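Generate the whole structure from the sequences, applying the supplied hints.
Number of protein chains: 2
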Amino acid sequence: MNARRQRIVIVGAGFGGLEAARNLGHEAVDITVIDRSNHHVFQPLLYQVAGAALDISQIAWPIRHLLSRWSQVAVLMAEACGIDSVAKAVLLTDGSRIPYDTLIIATGATHAYFGHDEWARYAPGLKTLGDALSIRQHLLTVFEQAEREADAARRQVLQTIVVVGGGATGVELACTIAELAHDDMPDDFRRVDTRKARIVVVEAASRLLAGFPESLAAYVRQAMEHLGITVLLEHAVTECRAEGVVCNDHLIEAGAIFWAAGVRASPAAEWLHASADKAGRVKVRHDLSVPEHPEIFVIGDTALLEQQDGKPVPGLAAAAKQQGRYVARLIKARLRAQPPPSEFRYRNYGNLATVGKHNAVVDFGRLRLHGWFAWMIWAIVHIYFLIGARNRVMVALNWLWLYVKGERAARIILSRKS
Amino acid sequence: MNARRQRIVIVGAGFGGLEAARNLGHEAVDITVIDRSNHHVFQPLLYQVAGAALDISQIAWPIRHLLSRWSQVAVLMAEACGIDSVAKAVLLTDGSRIPYDTLIIATGATHAYFGHDEWARYAPGLKTLGDALSIRQHLLTVFEQAEREADAARRQVLQTIVVVGGGATGVELACTIAELAHDDMPDDFRRVDTRKARIVVVEAASRLLAGFPESLAAYVRQAMEHLGITVLLEHAVTECRAEGVVCNDHLIEAGAIFWAAGVRASPAAEWLHASADKAGRVKVRHDLSVPEHPEIFVIGDTALLEQQDGKPVPGLAAAAKQQGRYVARLIKARLRAQPPPSEFRYRNYGNLATVGKHNAVVDFGRLRLHGWFAWMIWAIVHIYFLIGARNRVMVALNWLWLYVKGERAARIILSRKS
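Chain order of the listed sequences is A and B.
Each step along the first sequence adds one to the number in the UniProt record's numbering, with nothing skipped, and position 246 is 246.
Each step along the second sequence adds one to the number in the UniProt record's numbering, with nothing skipped, and position 233 is 233.
One copy or any two copies: either way a pair holds, since identical chains are not told apart in the list.
In silico lysine-lysine, DSBU-like type, Cα no more than 35 Å apart, as pairs:
(1) 405 with 357
(2) 278 with 332
(3) 311 with 283
(4) 88 with 127
(5) 332 with 88
(6) 405 with 127
(7) 88 with 278
(8) 405 with 332
Simulated from the structure, these hints should not be mistaken for lab results.
Note that the structure is predicted; figures quoted are calculated from it, not measured.
Take a look at the structure:
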């Protein structure tokens, strides 16, 4: 027997795609992982790169290095732009086609501006390393501008920073910015008093952190106000422009606006002509395959799967990883002609978010924690989930310096001339 | 008595400018440090950022943080574009003027293309953090392109990398690239064999490392060839273009060209209408002041000062720091109406360069070393001169991982989409 080996193509090397590749690595199949960037990013800490607390290399790894030990896994740095589900091939932007027998789509999501893409230039979002560096640059630059500004009122506008969105990303980003300005930077400036920097979080709903229990969300709001952050609930943004943010018919003048509100799935639904929800997520079956295409799976933030309680599986790293592992198990069963595993079920092991340097909220279902102990749990969990001993040591050391000395690792503005 | 405090303006926060500011920090004067970027860079390790061995934050620090403890020192992130030596003011690109009583110009140098600025797009140089990131990006991308290339000959061209210039920067950059390709990356690629990557150093002179004794330069050449690097001496580059480098009437086809040859001083001589040499360096007097302007000093790579043996003070970090310290001492003497220190003399404490991961050359005058022990000296000296305990620990740890496990910290390609 000399049968051709199964070709499995995985598009996207985020949490879901990487987990699928690693779990299929030992099979006698040919696996191709396609990603448009050369690195996997640990997204839960992206806000710390934006806030200059961590450097990019500490939360990113070359994908091909992460998969190098499995010789039948090939990594291609290329951008997918379509799928030919009849001829079974992934189309790349350079015109080439990558044939598959089984396809796993794990292309994630990006930020969305409720149909106002023109806001992107005024209010950058936070999904990639490049985004994090842009935000960092913008953030550090407003304080440099304020230091050069002679007019006191204008200085105060410059150091007003609005974060749109009160989910985990918005909360964590706002807190790290507040601490940067209020605690870590004041001694470095002469003219501008960064203690007076105004950090504003604007949220359309009547509460923060939709994924968390109400009691923890209320605690987080208090903790943020304690950090000097202005939290505006029931404030829907109707415009972002150069001068600031308009919400509830009122302009908040700002030096910088950061976007942590809407999310839109990658265009996989269009590629597949599959049915999707408003956010573009592909409605998958309970084994994560696409209706009428048992050989195509969609996982992670691009997939929409209702759980038994009617709520969709949340767009979290943990869910994507579980789905990657599930699909790998299912494919392995097929390869061995064994019965498939029972339908996918998301297991929620808990939900965490930081509220500044020494504070976090943790929701383990029945057990809910907040404060310093919750922060310790958060820190240990995040260091544990980082890949590689080097990054664990580096991140832990960076936090040590940040928390003990207020020294941020990466307060570097990169421009063409720097 | 209520006399106005002396205003000292320092343009440039490299090794020279920073040293001057720190040595004047305790005086009862107003000091303004102007730099177009927000960070000071430890240039001797810039090649390791380019080679993905170190991340940017490990060799860069916010200037204002480095000077924060001296409350009379203000830092301005702004670009100087001229000097009005009659009205005594530095002109900034935004149109504003910064008045001075005493001026220290420490604006450094940039790479020069022998009058062929059009080569810059094909052969980026290495002077700033931004340059280092561009080179890293370009370098990592050629291997990604080679991995996607079906044609074997074209693959080999893509992984041919030419470094123009056989000074310390060219040698160190070529060695780190050779080790990246030959040692650290092979297992990560499937189609391209990065062990066969061709690294070529092109030097117009008949030897490498002009600043070192001939015997060490010959050793370095051998060591480089041992690392698989092709060293072409007496090869003057007559053209850089998209396909490669032309030298000695011969085209070397290459995937990437990096420039480590000519250097040109910042335009301070033009600003001052002062006499300068071919490389644009201002001819300063033996107290580092500008002829006819005892209140203006030029230090570091922008200054030209002949030593007693007729050779100019070299463009090295150590020389710039000594000059910064000397000028600070001279200014302090003037403030106290004391006699000035005797003329500036450069003290050469030694010269070091690495030749790969475990090898270096050290020239302490009578004592000349090469090999592993020289590398240990190099590593200790460089960690010692880094600023801040955090960076020392981080760099040391990064080297540990690199040397023990071949893991490079920062193999990250940043693009707009990443």
